[in-house]
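Peer 1: What follows is the residue order along each chain.
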Amino acid sequence: MNIIEILSFGFIQRALLAGTLIAILCSVLGVFLVLRRMSLIGDGLAHVTFGSAAIALALKLYAAASLFVSLPVVLLSSLGILKLTEKARLNGDAAIGIVSSLGISVGIIIASIGGGYNVNLLSYLFGNILSITSEEVMIAGGLFCAVMLLLTLFFNDLFAITFNEELARVSGVRTNIINAVLVMLTALSVVLAMKLVGIMLISSLLILPAVSALQIARSFKGCVFLAAIQGGLSVILGIFISFLSNLPTSATVVLINLLLFAFAFLVRYLMAVRNSN
Amino acid sequence: MSREIVRTENLACSYRVGRVLEDVSITVEAGDYIGIVGPNGSGKSTLVQALIGLVAICEGKAFLFGTPSKHFCDWGRIGYLPQSLHLLNPIFPATVAEAVGLGLISQKKFPRKLTRHDREKVDVLLENLGVYSIRNKLIGELSGGQQQRVLLARALVNDPELLILDEPTAALDPETRERFYLQIAEINRSLGVTVLLVTHDSGAIGKYATKMLYLDKRVLFYGGFEDFCSSEEMSVLFGSHSQHLMCHRH
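Listed in order, the protein sequences are those of chains X and W.
The first sequence begins at 1 in the numbering used here and counts up one residue at a time.
The second sequence begins at 1 in the numbering used here and counts up one residue at a time.
Okay, chain X solo, but in the shape it has when bound (with noise of 0.2 Å):
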């Protein structure tokens, strides 16, 4: 089978837009995130998106719809996580196990007085981008739009607080806003991403394009840019080596990025060794 013939099925068509969308969305978030060593608010907002896919499973809201559930929920508990950090004296990562542990726990629940797991909430852990419904796809437009329009509206704030925090509200960024922009917009891509890779991977498609991305960027600018790249291609390579090989494509995609990685590692390193010389 080639390319074409690949392209022709509809199903691939719709996850090479969305899957190319999401990856593109949290991989630019992922910068910011892994910069200010947020990185793993991603899993704890996933575990988050598991309890709100439960409790909108229980309502039977199914595929898109069940997106009213999540997204208010998962919101929510991105403000949570800030507002801990805030207020309760706790570290970052500590406010981030709280809420990710209460998803968790939320949706277990749910699920077991809903009579124990399905097909469909297990569908949430590990993805399933070539399932995704046209409704899904015009909804990921959508949020990728407006998400990239808010990135790029708040690009210098998000960029001075990541720099620097204090020397920021020096600089007149109302920092608390921005430090809940920058959450809430990963609250919208992890929601967006369960699709793609599932909550087990998601932080993956958060940190690898950033991790790789600075590796070898030589300007906060192009950081952004290399960890996009990077996040869009290993979705398409993901996919279709998926589709050829018969293989999970959530899983195949964090390994094309582990890949990317391990490449981007091993160009620094020649580079250092180059300019030692």
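No lab work stands behind these hints, which were simulated from the structure alone.
These numbers were taken from a predicted model, which means no experiment stands behind them.
Be careful, since some hints might not be right.
With a straight-line cut-off of 30 Å between C-alpha atoms, the simulated DSSO-like cross-links for lysine-lysine are [stated by the list, open to error]:
(1) W:Lys211 / W:Lys61
(2) W:Lys109 / X:Lys221
(3) X:Lys87 / W:Lys70
(4) X:Lys221 / W:Lys137
Assemble chain W onto chain X, guided by the hints.
Peer 2: Just chain W, lined up with the frame of chain X:
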């Protein structure tokens, strides 16, 4: 009459451990170069951080350019330079030009985009500070002295009227430190920029400060440099040897 840049009225700040600053009432005028000294934990950094909103004021008032500090929003008039090395994440991928350009966002309205004119301004400043050749280097790849000059450039990029330096040379070697203080003195003299300098480096203060503020949770001395040098009380508190070193401009 000199223009008032900073004024505090009975200012007090507390941390969880208790009161760290109380009853601080000072006025800083345009063109002053204030050396802020005192023992460890005396509230020197807390004072300057309270002025710019990094530490909450629990009692009293502070005014910046005549505006209550909590309503102050004209941040382009203030350049702030904290201790450099704890500031910079060594893996941060920003270039020198990007890091300095960030300083300009304080003058920008939402969405705070930088223009070509802004980038040219950054280049001119880097040229003046002798760091233009490293404008495309990543800040994590620079030496401590170069990083400090980059952060100074960031603090100066808005042509501030007030420069706040909080132990800016703690991690620098003596030669780099000397060069740094010469640059600050030149900025103070030629441009009339008001300087608030928190430091343990009595040599630097002795050479350049025009006024002294001695803090130990409260103000124990605030006045002219010569008065500080002739004060017997300061000789006891500051240590006669340190006072001698400072006042005889060693």
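Peer 1: All hints, please: hold or fail.
Peer 2: Each hint tested on the structure:
no. : hint                : verdict
1   : W:Lys211 / W:Lys61  : 22 Å, holds
2   : W:Lys109 / X:Lys221 : 21 Å, holds
3   : X:Lys87 / W:Lys70   : 20 Å, holds
4   : X:Lys221 / W:Lys137 : 14 Å, holds
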